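Kindly generate the complete structure, drawing on both the sequences and the hints.
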Amino acid sequence: HRSSLTMVTLIVWLWFSTFAFEVVIAAEPRAFSSCGNGRRVVALTFDDGPDPKYDNIVMAELREFNVKATFFTAPGSRGYDNGAMCRMASKLREEGHQLEMHTIDHGHLPKMTLKQIDKEMRQSKEWVKNCTGGHEPKYFRPPYGELLPKQARHISNKLGQIISMWNVESDDADDDTKLTSDAIVQRVIERFEKNVGVGNSAVILMHDFYAGLRPTVVRKVIKYFKSLKYSFVTVDQCYGRCRQRVCKGSGGPTPYEDVYVP
Numbered sequence: 001h002r003s004s005l006t007m008v009t010l011i012v013w014l015w016f017s018t019f020a021f022e023v024v025i026a027a028e029p030r031a032f033s034s035c036g037n038g039r040r041v042v043a044l045t046f047d048d049g050p051d052p053k054y055d056n057i058v059m060a061e062l063r064e065f066n067v068k069a070t071f072f073t074a075p076g077s078r079g080y081d082n083g084a085m086c087r088m089a090s091k092l093r094e095e096g097h098q099l100e101m102h103t104i105d106h107g108h109l110p111k112m113t114l115k116q117i118d119k120e121m122r123q124s125k126e127w128v129k130n131c132t133g134g135h136e137p138k139y140f141r142p143p144y145g146e147l148l149p150k151q152a153r154h155i156s157n158k159l160g161q162i163i164s165m166w167n168v169e170s171d172d173a174d175d176d177t178k179l180t181s182d183a184i185v186q187r188v189i190e191r192f193e194k195n196v197g198v199g200n201s202a203v204i205l206m207h208d209f210y211a212g213l214r215p216t217v218v219r220k221v222i223k224y225f226k227s228l229k230y231s232f233v234t235v236d237q238c239y240g241r242c243r244q245r246v247c248k249g250s251g252g253p254t255p256y257e258d259v260y261v262p
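full-length UniProt numbering applies: residue 1 is where the sequence shown begins, and numbers increase by one.
No lab work stands behind these hints, which were simulated from the structure alone.
Computed from a prediction, not measured in an experiment: that's the story for all the values here.
Hints may contain errors.
Unchecked claim - Here are the computed lysine-lysine pairs in the DSS-like style, where the Cα-Cα straight-line distance is at most 30 Å:
#, residue 1, residue 2
1, K150, K115
2, K68, K91
3, K178, K194
4, K111, K138
Here you go:
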């Protein structure tokens with residue numbers, strides 16, 4: 001009787017574990033594109049680094065105002081020396097900035113299988129850990145913002161990453177190299193005021209290389225939000241304040257094909 005009872009208990013336990021696992025995998029991904037409406041906070045985020053040259057310029061402008069930002073790494077996207085990028089990743093962390101993942105090679109995730117994504121995420125996480133003495137990223141921004149719903153659930157619920165989108169896109173990586181610093185800043189302001197609205201939180205998408213290439217962009221964006229009495233937060237602080245599995249507010253990622261919208 002005892003062995004039969006043990007067997008029944010084991011079967012019930014296995015059934016419940018399988019059911020619970022399937023529920024977790026099917027659950028809504030942890031994701032955000034905003035820190036929530038009605039909050040005067042702004043998160044400055046930079047993609048595609050670390051950039052051994054231009055991150056120094058970006059950091060100097062952030063340091064001037066004691067602002068901490070979040071950097072999403074894609075070390076294979078620009079072809080820099082790995083050692084120099086590693087040192088910059090460590091330096092960003094030393095200065096108090098948040099360092100998270102943007103994949104290794106900045107590929108198009110919708111074209112990948114879940115197995116390929118697993119490999120990409122594993123390599124990306126290991127790169128950050130090795131360069132920073134053990135820091136494990138927990139936030140992930142998909143390249144180009146592209147992510148299928150099935151992939152979002154997999155990355156969040158199975159791989160444990162929080163998907164980090166945005167609601168103000170600077171388009172500083174626009175092919176038009178004649179764009180001035182002032183033009184980029186004005187674009188950020190117009191999109192924020194039109195799509196998000198003063199008084200609501202903002203998550204701004206920029207890029208290490210282009211922000212550093214056009215000095216004063218970061219400084220002017222900071223001054224604008226300071227004039228509105230906004231506080232600056234990292235993405236961890238942004239998502240944490242929302243206290244919801246999915247955090248969104250006014251505005252959101254540009255709805256191109258395959259762009260993930262929380």
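Evaluated hints:
1. K150 x K115: holds (13 Å)
2. K68 x K91: It holds: about 13 Å lies between the C-alpha atoms, which stays within 30 Å.
3. K178 x K194: holds (24 Å)
4. K111 x K138: holds (23 Å)
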